[in-house]
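Peer 1: Here the protein sequences line up with chains A, B and C, keeping their order.
Positions 1 to 334 (the numbering used here) are the ones given, in order, by the first sequence.
Positions 1 to 344 (the numbering used here) are the ones given, in order, by the second sequence.
Positions 1 to 259 (the numbering used here) are the ones given, in order, by the third sequence.
Since the hints were made in silico from the structure, they are not lab data.
Backbone N, C-alpha and C define an ideal beta-carbon position, used for all residues, glycine too.
Treat the hints with caution; some may be incorrect.
Which residues of chain B face chain A? A partial, calculated answer using Cβ under 8 Å [said to hold, decoys possible]:
| id | residue |
| --- | --- |
| 1 | E163 |
| 2 | D175 |
| 3 | A185 |
To give an idea of the interface, some chain B residues facing chain A are shown, with a C-beta separation under 8 Å as derived from the structure [as the list claims (entries may be wrong)]:
| id | residue |
| --- | --- |
| 4 | D135 |
| 5 | N153 |
| 6 | I156 |
| 7 | E157 |
| 8 | A172 |
| 9 | G276 |
| 10 | L279 |
| 11 | L282 |
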Amino acid sequence: MSRTWSRPVVALLGLSLAAVLVVLASIRFGAVSLTTSEVFSILRGGGGATDRFIVLSLRLPRAALAILVGGGLALSGAVFQALLRNPLAEPYILGISGGAAFGAVVVLATGWMSVSSVALPIAAIMGAAIAILLVFGVAFSADRRMDVRVLLLAGVVVGAFFSACIALILSLADAPTVRSAVLWMMGSLSGASWRGVAVVATYTIPVALLLLTLARPLNLLAIGEETAAYLGTDVERAKRLAYGAASVIAAAGVAFAGVIGFVGLIIPHGIRLILGADHRFLLPLSFIAGAGFLALADLLARTVVAPAEIPVGVITAFVGVPFFLLLLRRSLGS
Amino acid sequence: MIPDRTEEQRRGAGEVSCDSPQRGFTRTSADERARTNTRRAPRGLFHYRAGRRVALLLSVLATVATGCSERPDGDAGNDAEGGGDRVSIPVRVEDDAGRVSSFADSPGRIVSLVPSATGVLLALGQMERIVGRTDFDRAPELQDLPSVGGGLNPSIEQLVSLEPDLVVRFRAESDPDTPRQLDAAGISHVAIRPDRIADIHRIIGMLGTIVGQPERADSIRQSIDRGLREVSEAVAGAPRPSVVFLGGNPPSVAGAGTFLHELIGIAGGENAFADGENLYALVSLEEILDRDVEFILTTEPVGLPEALEGIPTARVPLEMLNPGLEVVESARTLAEIFHPDRFP
Amino acid sequence: MIFESESLVVRFARGRPPALDGVSMRVPSGSLYGVLGPNGSGKSTLMRALLGSVEVESGRADVDGTPARDWNRRELARAVGVVTQSEGIAFPIRVRDLVGMGRYPHLGAFEPEGAEDRRAIEAALRECDVEMLADREVSTLSGGEFQRVRIARAMAQRPRALVLDEPTASLDIRHEMAILKLLRRSADAGLTVLLITHNINLAARFSDRLLLLREGRVAAEGTAGEVLREEILEAVYRWPLAVQPDPVTGEPTVTPLGD
Chain A
1 MSRTWSRPVV
11 ALLGLSLAAV
21 LVVLASIRFG
31 AVSLTTSEVF
41 SILRGGGGAT
51 DRFIVLSLRL
61 PRAALAILVG
71 GGLALSGAVF
81 QALLRNPLAE
91 PYILGISGGA
101 AFGAVVVLAT
111 GWMSVSSVAL
121 PIAAIMGAAI
131 AILLVFGVAF
141 SADRRMDVRV
151 LLLAGVVVGA
161 FFSACIALIL
171 SLADAPTVRS
181 AVLWMMGSLS
191 GASWRGVAVV
201 ATYTIPVALL
211 LLTLARPLNL
221 LAIGEETAAY
231 LGTDVERAKR
241 LAYGAASVIA
251 AAGVAFAGVI
261 GFVGLIIPHG
271 IRLILGADHR
281 FLLPLSFIAG
291 AGFLALADLL
301 ARTVVAPAEI
311 PVGVITAFVG
321 VPFFLLLLRR
331 SLGS
Chain B
1 MIPDRTEEQR
11 RGAGEVSCDS
21 PQRGFTRTSA
31 DERARTNTRR
41 APRGLFHYRA
51 GRRVALLLSV
61 LATVATGCSE
71 RPDGDAGNDA
81 EGGGDRVSIP
91 VRVEDDAGRV
101 SSFADSPGRI
111 VSLVPSATGV
121 LLALGQMERI
131 VGRTDFDRAP
141 ELQDLPSVGG
151 GLNPSIEQLV
161 SLEPDLVVRF
171 RAESDPDTPR
181 QLDAAGISHV
191 AIRPDRIADI
201 HRIIGMLGTI
211 VGQPERADSI
221 RQSIDRGLRE
231 VSEAVAGAPR
241 PSVVFLGGNP
251 PSVAGAGTFL
261 HELIGIAGGE
271 NAFADGENLY
281 ALVSLEEILD
291 RDVEFILTTE
301 PVGLPEALEG
311 IPTARVPLEM
321 LNPGLEVVES
331 ARTLAEIFHP
341 DRFP
Chain C
1 MIFESESLVV
11 RFARGRPPAL
21 DGVSMRVPSG
31 SLYGVLGPNG
41 SGKSTLMRAL
51 LGSVEVESGR
61 ADVDGTPARD
71 WNRRELARAV
81 GVVTQSEGIA
91 FPIRVRDLVG
101 MGRYPHLGAF
111 EPEGAEDRRA
121 IEAALRECDV
131 EMLADREVST
141 LSGGEFQRVR
151 IARAMAQRPR
161 ALVLDEPTAS
171 LDIRHEMAIL
181 KLLRRSADAG
191 LTVLLITHNI
201 NLAARFSDRL
211 LLLREGRVAA
221 EGTAGEVLRE
231 EILEAVYRWP
241 LAVQPDPVTG
251 EPTVTPLGD
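Generate coordinates for the entire structure from the input sequences, incorporating the hints supplied.
Peer 2: Rendered as structure tokens:
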């Protein structure tokens, strides 16, 4: 028993420490160089107005958003993989990114953006909600049960439909709109604000806690629905909760940070390769690792070619893919 | 709406408008920079007749100076009389996003995120006030300034750290973050959207008002008008060839809403797709062939579809798609392509 | 635990013939009950009906006198261990963790395994002869090993009843016999065992009673001697066969004949 507990606990502590260090680094470093002591004095309430703004209103909310979105994406990806019993599943597989991007592009192309600064996130969340309900409606209509194979198919098809809608709008839009839409779809945390952080946190934190209570049902779903039912799980309830909760987290993230790939795919797999597929460890560790990973990716995105920024989704792929391949090779070797 | 100006600015303006035109350019470092800028900034933008380009720009500058000297500072407006300190009247401008900003003092530190607006500021002799640039600004005198990255997605952190009093930004409905974050940082910003020639006029006027150089802005505007008029007079009466602008891949054509459409008209051409509703639209090759196009303009460095071979094709720089101070030069370039006989 | 059905009708789709058509049977507490029948005769459907996972059109399917559909799933899972026909594992998992899932019905959402749980898991691993596999990845097991691990998971539930759908289908003689002896021992110790199988001879040898299904109806029910009769089996399986006492065990033994 001590064997099954100690490794995850060590990993939990190690990953948490790493995530904290990354977050500290992302407050410390940026396009503008500030010394560590300057940053600390700002955090204690000192410093000049401009430097205070940079640290407290730009870097801190950005780090907070990275934590919530990165953690949420990894958690959501882990849940979708178990729910769909498909290791290739990621948070966006069921059309959420398509729906959210559609909502965002409509706002970008119509200029409703200028109505309010929250117009885009609201539209993205609404688009994601439409996609979620559409997919759920299709997968659920057959004999009042949710068939995950139908869910997967419906999700992919709904996503493709929204992609076509986006392509149609963008083919008629002007160049700046196209550029903004493409940048948005590549994902960025540069729009981080405390208000956005508060909204994402409101969705992500309670729902993430709810998902943690689904750890054992998810373990069972991963070995098959029938067996899960015979081991005491209310399978339909667990599936609906898992789908709904993981979707909400993914939608909240995508609304405020755009479509950030690879986090939801690579992080849960990495944790699984190191620690196994027990969702009691996989879920919280995915959240922590995803949070640290996205904070690190964003730190690189805004410092590597500073003052210009690279889309964070590019960094998550550049950093994540080689690391993941290495891990995969190592796990095959042992 | 005529702004009062600080002593320093008034002096700067006075030097241009009141000193003798021959010496005006060499008197102050600001003017020195402005002249260097206008001479060098567009290097590489146009590969047509570079010598003529420089001559043209110099003539624009000369017109600025002449215009000013013809209308001394004193006649320019209601701030004419008296030489002492005046009560500050706040400058109010409405930007291209419909936002009204007022400036109690003319902003001393400016960052322009739009290269064409940066060019206007330099032409207005405001190098001293510019404290940052984007990665897309080519003017050599700007290169020593810190960059804030791209103009559409600048590093807000870097931008804020420059502590500008004013940020000139591109009006993009799609980028709500830059204005929101500037508001949060308490930094004034004006949005501009140079789509058409009329927009250039308005932007020059607005920036001139903000920096307290309305006369100089007027002069620039007049010289642009004059330059464009000269181009259209030069091609007047000539048969107007049917022209299509093809850009991108797959190629899209420029419709009636584009700056290029205006330029083609001024340069004595007829936009074959003047009926296009969208700014740029994808059309079939059949449609292009069907319209008996006589000239193809393109920004593409590589070959056009085979079906279009045989139609005279001119490559124009990408920058010609975005209006700025070079509008006269762009119009003249096109006119020379369409009507080489009118430009011996 | 007692499984009981009366005039049970289960239909999967309107307009199609019922999967079960008036099945009445009773598995007494502490007995090993064998369910036989050709493919598609309704064996697995009967099992699902008795476990409350399919809807009953008419009749009853009760567990301990309560309709199976009305049981709380967790309580049923604490009482009944089920080994389904097959199961596809989506992610790598170690044998010990898979067997440990048998304890889930007994644990709260965040409750870690206690000493009692560990004892149940170790005992189940031992009983099913898979102790030496405990640290292996399930994906590296042979078909027979995997089957024993799944039975071990059901045993780890410490259930009062076991329901198994062709559990020995892929096992070699040694492991098949070991499992059947384990089931027999369990029944003797008071567990109710419901065993679906195609192996008529071994079912007859180990079961207390047998049920023979044909196209959703009961073709025969009773002791091995009552059910294993040539005329009944030939009609059900539509194949000529002979039933003779086994020379070694003396039990009735079925031998399929040539054509």
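Peer 1: Please go over all the hints and tell whether each is borne out by the structure.
Peer 2: Going down the list of hints, with the structure as the test:
| no. | hint | in the structure |
| --- | --- | --- |
| 1 | E163 | 5 Å, holds |
| 2 | D175 | 6 Å, holds |
| 3 | A185 | 5 Å, holds |
| 4 | D135 | 6 Å, holds |
| 5 | N153 | 6 Å, holds |
| 6 | I156 | 6 Å, holds |
| 7 | E157 | 5 Å, holds |
| 8 | A172 | 5 Å, holds |
| 9 | G276 | 11 Å, violated |
| 10 | L279 | 5 Å, holds |
| 11 | L282 | 6 Å, holds |
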